[in-house]
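Enquirer: Next come the chains, spelled out residue by residue.
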Amino acid sequence: MVNIQEDIAVTTPTEPQEIPAAKPFLANERIVIETQRLDFYYNPEAHALKNINIQIPDKKVTAFIGPSGCGKSTLLRCFNRMNDLIAGAYLTGKVLIDGEDVYDSKIRLEELRKNVGMVFQKSNPFPMTIRENVTFGPKVNGITGKDELEEIVVSSLKQADLWREVKDRLDASALDLSGGQQQRLCIARTLANKPEIILMDEPASALDPISTGKIEETINELKKDYTIVIVTHNMQQAARISDYTAFMMLGEMVEMDSTKRIFTNPTVKMTEDYITGRFG
Amino acid sequence: MEQNDTKQQHYESVYRADRWAKRFITAGGYGIIVSILAILLFLVYQSLPLGQNASLKHLLSYPVTDTGNQVLLTGSDSYMEIFYTLDQAGRLNFYHISDGSLVLAEKLPLGEGEKLLSAARGSLGRDVFAAGSDSGRVITAEISMTAVFSDSGRVIVPSLDIEETWTAESAGDSIPNHIEQLAFVQNEDLSRFWAWKDHVGNIHLRIYDADDEETYQHTLQDYFQNLTVTAMTLSHGGDNFIAGTQSGDLFWFKLDDFESPELKDTWKSTQNAISSLQYLLGDQALVIGDNQGAVESWFPVRTPANWLKFTQIHRFESHPAPVTQIYTSSRNRNFLTVDNKGNVKLHYATTGQTELNFRASDFPIQAAGLTPKSNGIIAVDGQRQFTLFQLNDPHPESTFQGLFGKVWYEGYPQPEFVWQSTGGSDEFEPKLSLIPLIFGTLKGTLYAMLFSVPIAIMAAIYVSQFSPHWLARAIKPTVEIMAALPSVVIGFLAGLYFSPLFEEYLMGFLSVFIFLPVVFILAVLIWRMVPEHHRTRLKPGTELALLIPVVSLAIAISIWLGPTIEAVFFGANFQQWIFTNLGVTYETRNSLVVGFALGFAVIPIIFTMAEDALTNVPESLSSASLALGASRWQTVRRVILPAASGGIFAATMLGLGRAVGETMIVLMATGNTPILDLNPFNGFRAMSACIAVEIPEAPVGGTLYRVLFFTALLLFVFTFVINTVSSMIGERLRKKYARF
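If you read the sequences in order, they're chains G and U. Residue numbers for the first sequence follow our numbering, beginning at 1 and rising by one. Residue numbers for the second sequence follow our numbering, beginning at 1 and rising by one.
Excised from the complex, chain G in its bound form (with noise of 0.2 Å):
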C-alpha cells in the first residue's frame, strides 16, 4: 500500500514538520527501529493507528504504556509484520528496522520475522517437547546440524533462565511446564533464532507474581544483548524494566521519553493523568 506519492512526502522538504528529527532524549543512541507517518486500518473504518513516528533505540527495553485498546499492540506488530495475518487490515507509511522498510516487497517475511522475535501475551508453546520447541526456529530458518541445534538448546535456555529447571527433562512435554516456566520457554524459543529484536505483548499478564519477577529478570538479562520492545499494562513494570517509555492513547503516540522522566515530570497532561490512574 506504499505508494509513489508517500515516498515523495516523506522526501520532500517542503514539509518539513513530517520527519521526525531524532529525539533529544534519544540522541546518544543507535536507532534500530524507525515508524515514518504510520497508519493502520483494521479496514477502512477502524483507524488503530495514527501517524506514528517512533524511533526505537537499540539494546534498550522500550516499554509501550495505555489503555486497551489505545493501539500498543498493533503497533508492536506491524515491527514483525504479524499484522499481515488479518484480513482487510493495512497500513500506510513506513516501518524501518535498521534502515530498510519491513513492508518493502524485497523484504523476506520469513527472514525479518526470525530478526524480529516476538513473545506473546499468552505462552505458547507447542505441543511438543522441550527441544523441539526450543530447535523449531533454526530448524525451519535451515539450521540441521545436530550439535549446533544442541548448543542453541542449551544456551537459549540458560538465557531464558530455564536451564537449570529443565536440562534433565529436555524430551518432556512443553505443555507440563508451569505457566511461568512455559512463558520463559517461549522466550528461549525466541532466543534460538539470534533475533536482533525481540518484541514482548505483556508477556507477565497472565502470571503470577513470582513468575513475573523472574520474566522481568531474565528482561533485563536480555537488554544486554537484545533490543527488546515490550507491551505492558502494568505501570510499574514498565518503570522496573524498560529504559523507555512511550505512551499511547487512541492510536496515537502521546508522548515517548526515558522511562524516568515518564514516571516523575511527563510534558504531557494526559501521561501524568494515566499514570496516577485517574483513568486507564
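Hints in this document: simulated from the structure, not taken from any laboratory. All values reported here derive from a predicted model rather than from experimental measurement. Positions of the beta carbon are idealized from the N, C-alpha and C atoms, including for glycine. Take these hints with a grain of salt, some might be off.
Unchecked claim - Simulated restraints on C-beta separations:
1) U/Trp527 - G/Ser178: 43 to 49 Å
2) G/Gly145 - U/Val721: 42 to 48 Å
3) U/Val721 - G/Ser105: 52 to 58 Å
4) G/Gly145 - U/Ala474: 41 to 47 Å
Place chain U on chain G using the hints.
Expert: Relative to chain G, chain U alone:
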C-alpha cells in the same frame, strides 16, 4: 411466610423439571445403547444356526410285517407319512410310518419261483425303479405317493405303475440270465438307462431313447478284460456310466452317443475293491466306497491340457467295514454311506465333512434312504426292523472352512474362494465363501480412500489455512450439500453416465494422472517467474481462479493426447493391451469408477471433520510458528497438522467407516462380480451390496439367508472395530498433540 411458600414452590418446580429432564435424557442414552445391542443380538441370533452341527433323533423302530427276508429297496413320501419296501419276492408293501400298519400290498409280475436279485432307484425326484430277477427279467416301475386333501385332512394314496418289462438275453450258457447287479436311471427326458451285471460277470447296457422311442443295447465286457466289476453307477442325466472293479480300477464311459458308448478314462482310486458307487446331485461328483470302508469323493477336473480327469477331492471318515450302499440326497450334496455292520454316516460333499456317524442297527442294513426333503433317514435291517430318524441339518455348507476357507467346488480346477449363492437349477452347488465379499468391501474402500483422502485433507488444509474467508464460507456449505446428495444418485450417475464416459475416454482420463501434475508444476514454475511484487499484490483466493484454466488445460491435453498415447504405447486399444499383456479384462463398471463415486460420498465427511480439526488448532500456535520465521507451509506441516492429527485421523476413519458400509454406490457402479482381484479395471462385490442384492431372494431361514445375516454381522463388527480403533488412536493423538 407466604413469600417463602412461593419461593419453595418455585424451587420445587425447578427441581421437578430437572429430575424429568435427567430421566428423559438418561432414557434416551440407554435407549440408543439398547437398540444397538438389540440389532447386534438380532444379527447374532439370525446367524447363529449356521454354526449348528447336524443332529439326529431316533423317532421310531418296529418290525415290518408281511415282507420277505431280503428287502431290496425302501423309501418314503415327502410328508414322511408312509414308506414302502420291496422284497426279494417282488412284494411291494406300503405302510403307515406312525404305526407300521399296512396300507397297500402290491406285487411285481414275477414268474413262479422267480426271485429278484437287484433293484435300483432311477431318479432323485421320483420313485421310479428297476428290479432285476434271477431269470433275466428287468421290471421297471414307478411308485407314486400322492397327497389327497379332504375335509378329514391329508391322506397319502400310494400306487404302483409297471412301466416296462423285458428280459435280458442269455449269456449263452444254459442257465437263465441272472441280473446280479443293476444300475438304473430315468432322466428328465424320460429316457431310461440300465446297466447290469449278469451271473457270468459281464456288464451290459441298455438305453431307451424316449425321443425316437428306440432301444439300444451294448455289452461292455471287452473294456474290462479280465477285471471283475463290483460296483456300477449311472449319472442322473444318463450320460455317464462308471464301473468300479475288484482291483480298485474305475472305468468312465460317456453315453452321449446312444449307439456307441465311449470309454472316456480309466483310473485307480484305492487298491481295494470298489464296493459302492454313486453320483451325487448335480452329476459331477462321484462317491466311491470300498470294501475297506473308505469313502471318497471324486469329480472331473480340467487339466492344463484341457482334458477332464477324475480327481480325488475329499476323503471322508472311513467305515470300519465294507461300504455296501450310498444314498444321495435329492436336495443338496449330502449323502449317506452304509456298511455291512449297521453303521451309517452322513457326509457333505462340498465341505468334505462327515457330519453324523451313528449305528442304525445291530444288524446289516438291507435298504436305507434319505427322505425326499432330507429331513429324515429311514432304514430296514436284516431283522426286518424299520427305523426312522429325524435329521436336522439345515446348513451343512456353512462350516468355518466353507465360509472362510478355500473350497474345491465341482468343476473348478483347484480349491478357491468363491461366492455364487444361486445357480440355474436346483442341482446347483452353493458357493458361499465370504472372502470375495470381504475382499470386495476392502477393495472398494481402498480405491475410494486413495481418491478421497488426499483430496479431502488437502481441501481441508486449504480452506482452513490458506483460503480467504469469503471463499471458505462458500466452500463449506457446498461440501455439505455434497454430503447430502443421496448415494443412489451418485451411484446412478457413476454407473450409468460416468462409467461409459470413462470407458470411452479411458486413456484420456488415465493420462490426467500424468498431465495434471506436470502441467501444474509447469504452471507453478511460470508463476515464479512473474516478478514478486506482482505476485504479492494478488488478492488471496485468486490463486484458485488461476488454477481453473491450469486444471482445464491439463484435462484438455489429456483428452486430446489420450488416443495418441493409446496408439503409441498400447497398440491403439488399451483394453486389449491390458488383456493380452496383463491378463486383465476391462469392465465398464470398474473399481476406478467406484473409487471416484464412493470417494465423492466420502470426501464431505473427511473434509468437514478434518477442516474442523484444523480450524480448532489455536491461532496462538500458528502465530508462534509464523513469528519464529516459519513459512505458511512450514507452519501447517510442523505445527498445525500434528496438532490436528487426532481429528484428521478420526475424520479419515469415519470416512473409512462410511466407505465400508456404503451400499447403493457400490451396488450400482460395480458389476457386482465377486472376484478376488485387486486390479482397478474390474469390479468387485461388497458385503453391503451383496446383502442388498440377495436378501430379497433368499428363502427365510435358509442357509443363504443366514449367511447374509452373518455378513451383516461381519459388517457391523467391521465398523465397530474401525470406530473403536479410530477413537482409541484419535484419543492418543489428541493427548499427545492437542493439549492447548
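Enquirer: Now look at each hint and say whether the structure bears it out.
Expert: Do the hints match the structure? See the list:
1. One distance hint, 43 to 49 Å for the beta-carbon pair U/Trp527 and G/Ser178, holds here, with the actual separation near 47 Å.
2. Under the hint 42 to 48 Å, the C-beta atoms of G/Gly145 and U/Val721, about 45 Å apart, fit the expected range.
3. The hint said 52 to 58 Å for the Cβ distance between U/Val721 and G/Ser105, and at roughly 55 Å that hint holds.
4. Checking the proposed 41 to 47 Å range against G/Gly145 and U/Ala474 shows it holds: the Cβ atoms sit about 46 Å from each other.
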